[in-house]
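Chemist: Sequence:
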Amino acid sequence: VESTMVYAFALGLGVTAEGVERREEASTLARLGCREFQGYFFARPMNLAALTKLLGDQQDLLAV
Numbered sequence: 125v126e127s128t129m130v131y132a133f134a135l136g137l138g139v140t141a142e143g144v145e146r147r148e149e150a151s152t153l154a155r156l157g158c159r160e161f162q163g164y165f166f167a168r169p170m171n172l173a174a175l176t177k178l179l180g181d182q183q184d185l186l187a188v
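Mapping to the working numbering: the sequence shown position 27 is 151, numbers consecutive.
Derived by calculation from the structure, the hints in this document are not laboratory data. Model, not experiment: these values are computed from the prediction. For each residue, glycine too, the CB sits at the ideal point set by N, CA and C. Where hints are given, some of them may not hold.
Now the in silico label distances, taken between C-beta atoms and shown as ranges [as the list claims (entries may be wrong)]:
1) E149 - M170: 34 to 42 angstroms
2) S127 - G163: 19 to 27 angstroms
3) E126 - G180: 35 to 43 angstroms
Put together the whole structure using the sequences plus the hints.
Modeler: Listed below in structure tokens is the structure:
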């Protein structure tokens, strides 16, 4: 994973980590320079009503 991220960054590309399920994974990826994440650690799949509630409850949400 690290070498793939280094290669992507060298090409000027961003990296989105998908399938992050544990805090340790998110921490390691962040330490390696990843700034975008997706996975069950952050939220399970949800319908529009649940997403709207989640967004309404978040004061410091930067992106979804």
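Chemist: Indicate, hint by hint, whether the structure satisfies it.
Modeler: Structure-based check of each hint:
1. E149 - M170: 34 to 42 angstroms: Cβ of E149 to Cβ of M170: about 21 angstroms, so the range 34 to 42 angstroms is violated.
2. S127 - G163: 19 to 27 angstroms: holds (21 angstroms)
3. E126 - G180: 35 to 43 angstroms: At roughly 37 angstroms between Cβ atoms, G180 and E126 fall inside 35 to 43 angstroms, so the hint holds.
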